[in-house]
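Participant: Please work from the sequences and hints to get the whole structure.
As a plain string of letters, each chain reads:
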Amino acid sequence: MIETLGIFPDFESAGRAVERLVREGFAEAQITSLTSVSYPDGALVKTGRRSWFRWLTLGCFIAGAAAGFALAAGTAWLYPVQTGEKPIIAYYPTGIVTYELAMLFALAGTIVGMFLEMGLPAWRKRPYDPAIAEGCIGISVTIHPGGEAVVCGREAETGACVGGVVSLSAGEQKSRAEEIMREAGALRIVAEEPS
Amino acid sequence: MSEPTLSAAKSAVRMNDAMLSSLRPPTLRWYLLAFFLGGVVAWGLYAFGYMVSTDMSCTGLDRPVMWGVYIVNFVFWIGLSHSGTMVSAILRLSRANWRRPILRAAEAMTVFTVTIGGLFPLIHLGRNWVFFYLIPYPNQRGLWPNFRSALLWDATAIFTYIIGSSLFLYLGMLPDLAVARDRCAGWRRTLYGALAMGWRGTAREWLIFQKASTLMAALIIPVAVSVHSIVAWDFAVTVVPGWHSTIFPPYFVIGAILSGVAAVITLMAIIRKAFHLEEFLTPLHFDNMGKLLLVIALLWSYAYFVEVQTTWYAHEPIEWEVFSFMAGRYTPALVLMLVGNSLLPLTLLCFRRIRRSVGAMLVISLLVNVAMFIERYLIIVPSLSHKNMPFVWGTYSPSWVELSVTAGAFAGFALMYTFFAKCFPMVALTDVRELEARKVLVPFARAELPSIAGKEGGDD
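Residue numbers (this note's numbering), protein chains in the order written: chain S, 1 to 195; chain A, 1 to 460.
Hint data in this document are derived by calculation from the structure and do not stem from the laboratory.
This list has only true hints and no planted wrong ones.
Pairs of lysine-lysine residues, derived as DSSO-like cross-links and limited to a Cα-Cα distance of at most 30 angstroms, are as follows:
| no. | chain 1 | residue 1 | chain 2 | residue 2 |
| --- | --- | --- | --- | --- |
| 1 | A | K439 | S | K46 |
| 2 | A | K273 | A | K439 |
| 3 | A | K422 | A | K273 |
| 4 | A | K273 | A | K291 |
| 5 | S | K46 | S | K174 |
| 6 | S | K125 | A | K211 |
| 7 | S | K125 | S | K174 |
| 8 | S | K46 | A | K211 |
The structure displayed is predicted, hence computed values, not measured ones.
Facilitator: Set out below in structure tokens:
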């Protein structure tokens with residue numbers, strides 16, 4: 001699986017390239033945009049809108065609440081002190097420690113989950129061009145080995161992940177994608193070497 | 001092939017240049033400022049060292065007033081921290097487009113103010129070198145199960161808030177760090193590259209980033225409210241006259257938001273001037289922040305009125321004694337507090353012309369925070385001076401040690417902020433550029449009106 005990246009000077013030419021790539025038979029799941037600002041989903045490319053990292057936030061929240069409760073109430077149970085007929089477990093501190101740790105874990109879980117779902121930090125060098133930071137638009141096409149259906153999420157519509165160009169070899173797909181992007185107005189192509 | 005020459009790309013380059021101008025090599029003036037602030041911090045550290053090497057008798061603390069300027073500082077700084085992240089989160093959730101240029105200043109302010117605020121309970125301890133007694137741990141003294149101390153509530157809440165607001169600041173900076181990485185060389189490129197974690201700005205990355213930003217904003221608001229509520233409980237759960245009040249937590253939260261919003265306005269005015277960001281921090285931003293300050297000042301006035309009116313009407317002897325003592329001994333301070341927190345903002349901020357004047361807003365916001373510091377002082381000291389037993393009534397005046405440590409704290413905050421501004425983008429540049437990129441002219445009857453392209457309900 002290799003990636004080829006076209007750098008476009010503006011939004012219009014990048015959009016034109018995406019349209020032509022799709023018309024040629026590349027699947028939406030193979031194409032993504034690289035931009036330095038966020039655009040509405042579907043303006044350039046369509047992404048699967050479902051994400052899972054918020055479940056990790058919820059899981060961390062519950063884990064944090066359990067940890068906080070165990071820390072405050074659990075230790076009070078294990079090491080009971082003289083409380084003068086007051087409850088062994090003090091409600092206020094237990095509530096506060098439980099709540100604060102639940103929120104702390106949830107906040108940390110959100111960041112960790114976000115990075116995990118993004119696949120960051122990236123250990124592998126991927127095609128990129130610093131001109132993207134200056135307002136250029138990158139259109140990246142992921143080339144799969146010839147004859148292999150493009151794999152994407154289970155929630156994708158039937159057929160959306162199988163591009164019409166799969167019958168071509170990887171080299172042919174790459175050449176075709178680069179040619180389309182150049183025709184659409186790409187300033188340059190940054191291609192990843194096959195691993 | 002040639003580089004992009006179209007207006008969109010040109011605009012992006014120009015905006016990057018302007019908004020990353022704070023990262024340019026420091027000028028002589030910057031060094032002088034850093035040197036001055038460093039000097040004040042060093043003096044504060046000397047005073048603290050003096051206190052440690054002698055004892056707490058060098059402070060003005062004495063029975064019955066054992067909480068003095070250090071605790072005033074603690075409440076004040078935690079209050080300041082309140083609004084940065086919270087204002088940013090609320091504006092983010094409400095998708096107020098004008099929020100974009102002020103986000104970073106507000107979020108960074110929170111991180112540094114909560115750091116300074118968190119130091120004061122430690123400074124206040126007296127025997128600072130045994131600060132770890134704050135943390136319950138298993139030892140022969142049986143401290144492990146002691147989760148009952150109110151100090152521990154503060155420690156837990158502040159720790160959560162420091163971590164949470166730092167993560168929130170970092171999350172917002174992630175795409176900006178990638179832009180900075182692509183434009184810098186040397187150690188800066190290494191630093192920004194490491195912090196950007198290989199961000200490329202793919203459509204999927206942006207989508208997840210937006211969702212995470214929204215979720216973080218939703219999570220940080222209850223944390224911010226809880227922190228200042230817990231600080232208020234330090235007072236409200238005691239039986240000290242003037243403190244034992246159900247209104248304290250919301251009153252503290254409102255006060256915290258008031259001082260925080262004012263501090264954001266102050267920083268906006270300073271950053272605007274220092275980094276020539278007039279194009280991005282426009283009178284519109286001061287106008288909107290002024291409206292926010294006006295509303296919060298109104299709420300604070302209402303809360304203060306309710307508190308005083310209840311005390312006055314009930315006329316419970318000890319409560320009334322504390323209030324009378326405070327109003328009599330600290331009359332000028334009380335007047336200044338009421339003028340700065342209530343009268344001045346409520347009258348002046350009704351005028352659009354004043355809200356749009358950067359100079360006027362700077363003065364008003366500074367005055368609000370002077371008044372807020374006084375308010376914290378008037379909450380803490382008079383109540384302890386005149387507690388239930390008249391034979392231990394007394395007074396308190398801060399010593400040079402406490403005042404020096406306070407000055408060091410203010411300088412320390414300014415120094416940290418100054419360093420941050422030199423090392424990281426001070427304006428959320430991708431946020432600002434996003435607004436510019438999405439701006440379109442829509443034909444409307446005979447005119448073409450600017451509109452922001454986006455999906456209904458937002459993109460996240």
